[in-house]
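Trainee: Chain by chain, the residues:
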Amino acid sequence: MKALLASWEDLCASSRPLRFVDVNLRGIGQVMFQDNPLSGLLFFVAIGWGSYAAGVGQVAIGGLIAVLAATSTAYWLRVDEDALHAGLYGFNGYLVGLSLATFMAPSTTMWVYVVFGGAISVVVTLAISNVFKTWNVPALTAPFVLTAWLLLLATNAFSKLEGGALPPVGEIVPIDPAVANPLQLGDFVSGVFTSITQVFLKGHGPAALLLLAGLAVNSPACAAFAAVGAVAAVVTAHMLGAESDLVTAGLIGFNPVLTAIALGAVFNRPNARVFVYALVGAVLSAIVQGSMMTLMTPFGIPTLTAAFILVTWLFLLPAQKFE
Amino acid sequence: MKALLASWEDLCASSRPLRFVDVNLRGIGQVMFQDNPLSGLLFFVAIGWGSYAAGVGQVAIGGLIAVLAATSTAYWLRVDEDALHAGLYGFNGYLVGLSLATFMAPSTTMWVYVVFGGAISVVVTLAISNVFKTWNVPALTAPFVLTAWLLLLATNAFSKLEGGALPPVGEIVPIDPAVANPLQLGDFVSGVFTSITQVFLKGHGPAALLLLAGLAVNSPACAAFAAVGAVAAVVTAHMLGAESDLVTAGLIGFNPVLTAIALGAVFNRPNARVFVYALVGAVLSAIVQGSMMTLMTPFGIPTLTAAFILVTWLFLLPAQKFE
Amino acid sequence: MKALLASWEDLCASSRPLRFVDVNLRGIGQVMFQDNPLSGLLFFVAIGWGSYAAGVGQVAIGGLIAVLAATSTAYWLRVDEDALHAGLYGFNGYLVGLSLATFMAPSTTMWVYVVFGGAISVVVTLAISNVFKTWNVPALTAPFVLTAWLLLLATNAFSKLEGGALPPVGEIVPIDPAVANPLQLGDFVSGVFTSITQVFLKGHGPAALLLLAGLAVNSPACAAFAAVGAVAAVVTAHMLGAESDLVTAGLIGFNPVLTAIALGAVFNRPNARVFVYALVGAVLSAIVQGSMMTLMTPFGIPTLTAAFILVTWLFLLPAQKFE
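Those protein sequence lines, which keep their order, are chains B, G and U.
So the first sequence is numbered by the working numbering: it starts at 21 and just counts up by one.
So the second sequence is numbered by the working numbering: it starts at 21 and just counts up by one.
So the third sequence is numbered by the working numbering: it starts at 21 and just counts up by one.
No lab work stands behind these hints: they were computed from the structure.
Being a predicted model, the structure only gives us computed values, none of them experimental.
Be aware that a few hints might be false.
Copies of one chain are not kept apart here, so a pair can be met inside one copy or by any two copies together.
Once the Cα atoms are required to be at most 16 Å apart in a straight line, the calculated EDC-like pairs of lysine to aspartate or glutamate come out as [said to hold, decoys possible]:
id, residue 1, residue 2
1, Lys341, Asp42
2, Lys341, Asp100
3, Lys153, Asp100
4, Lys180, Asp196
Input sequences plus hints: build the corresponding full structure.
Mentor: Written out as structure tokens, the structure is:
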């Protein structure tokens, strides 16, 4: 595998078009922190599969177009080349594309919007990275969430931008205990798998295997912590009495998956204390996903990965050493 | 013109009362980034004209009282003298005064509130400036927006503070396409002009000429970018299907006007790449104005210049060099 | 008194269990900025009294359990020892415990939640402190407010977490002038006293005397500014026409009390200019408490000490010298 990646890197070093492809694949890989074109390719295939299976092929295409727009914009802005080549200016754009194509009705204007959103995500990435560099903490997917929220909120003000599949606007109402049913084993397993695919806004259990493979080829520890985060989320949500349908669809678990990977294997070296810290972070992310869903109710926009970002920032900012 | 300003500066250097007048005029000029008492005077006359024409003379008076309160407070707080003399502690106060007098019912308490708001705006300016200095980015009109939002939100809790002309509180509802009519040429021109005057919370086309004159006497590039921002906003809003009445009244365009001036001519030196960057910023500001109107709907407060501040911060924080 | 504290400190230096008790007491004392175990003990007794008198003894117990969890977590995280011994990792946890036990229905899950909240508050304290250290400004009670808001918002999404006593969710409606009645002298005095006890989420006038005693044993200036803040708040709220019941229950005044202590006696050395600055801060805190109540209305969560934090940050960030 290492030899394969090394010869691919040689090819990219001598070919601008291949380098462009490489940067975009790494951009997709960075959605789950992997600076590896093969991870990116596996993620891309998984999302294509999930989109096709759900009859919304335009979602995968939206992601692709937006990551291309983001990478091109990053070149135009002459950003730092190391960060660019590591895919750090692509993953937020990719997610912006997936989210706009998920929550908006397809139209010519929507496609223009996807390109625009991908491009803007690079500026927002530079801005937020610059601020958080002060405390040696990464921007994570905050540029995606901020860009997507702004662009989705605007659909209410412009008639050519249709937010067809946005969550309904409503008054906050405490959950009806009747919807928190005991989870069957099958639902439990389904919840774990879809928690992983919902990181890419898709609820498609089998595709989770491709995502885990994409993680494992670059970092087995990341794959393990993804699974830990997913299990922790489903158990926490179930024990606290979350809506079963949300748990099973992975809509509580995708934030804890990202938090567990970030705290457990990316920004700390794994050990027993780090495991505890990452686990507490994952549990808190499951709870905060509930808070974020509440907070967004009057605005009719999705929570996206806000819970992951908030909790991971709070857990990285202390700059604790766990060695 | 230069000779005139030089002899005025000589007069101010030897007279405390004239210096006080000068600082207040520059404070008004800084609403559109002009450190020039003549710009400030032209802006002041334009707003007086616009207020009188709309039958709300108290708005112009509110602005005047608040900028005097702000400047006096800045002296009391012994702020940095260079920044004070450049009018940097006045423009937020002036805008706070205009906004309180625009959105509240006139009463004795309101006038006390205007003085209080002008004074507080200086503390908030110092605070926000100090934070953003970390990234070498200015506070822009954020102190105005934060101060005005806090003071206007409080009108719901105190019966002697009446927010008579605040936007209605409501549930977020997507725009009805019927209100997005084709714009006639006259509406188009009107939208461009009022986009410029709405920077000062007034929708009065002819006064835009005075504002453009005030810009041009100090910086023709600023005047040009103001026009670019206004045209970009009206075109964007119209093509995306915004409510025609909002476009024509300048209520989409005032944020893009400020963004275009800031990004195109104040914080970057104009060139082709900068023009593209400022234009994208202006287009995004028009969209984000739609997002902000949506976001404020449940709270019943105006968006003020929040879209300009957010987009301009996002576009300045990357600290891109365009030379 | 000094001799007593010195010998207590000697005892703590040689006994781990006594040190643990000392750290927790100082943690409670730091709710009102007092690094003094006797202040903490007096505050603890006052809150126990207030809780018992109101028939909600679980509130005092919730505070106790959460501060113990916070202190233990701080030890586990190996935080800076000086800050730990000064109680700086305890007060936010104590307030989280008081607030969860105040606004949630008692249940086994709630008690687990109280322990979890106390523990999390330490991570959030480290995070926010690290950010604001950049500008030499303390985190104040922001970790408490952020933690409590997130945990309380989540009660809407999890059926085993019941937010029984949370404020109702509603649409923002301007105050009905009829509820702003003239305050009788008794109401006025009551408002001043409960403004002090509401710092700890309790409206129990007599307990205010214990709190003032707890302040006075460590810092007479703090006790004086607490009284100044309370009087300023009640006068301001009454003159602006706030709801009389809120004023009398201390629900406008607790933020100004904290602001006055912080600005007048803790982070500035008291003098005439500082007195004016702290007084303006206290008046603004009373107004901003009205803004915060408005802002929280659609979300159904309490304002907690958000007004104090916001205003005190805005007044400390300028880093003005008043000597």
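Trainee: Next, verify each hint and record whether it holds.
Mentor: Quick rundown of the hints versus the structure:
1. Lys341 to Asp42: neither (34 Å within a copy, 26 Å between copies)
2. Lys341 to Asp100: Intra 29 Å, inter 12 Å, cutoff 16 Å: inter-copy only.
3. Lys153 to Asp100: The answer is within: 14 Å in one copy meets 16 Å, while 23 Å across copies does not.
4. Lys180 to Asp196: between (36 Å within a copy, 11 Å between copies)
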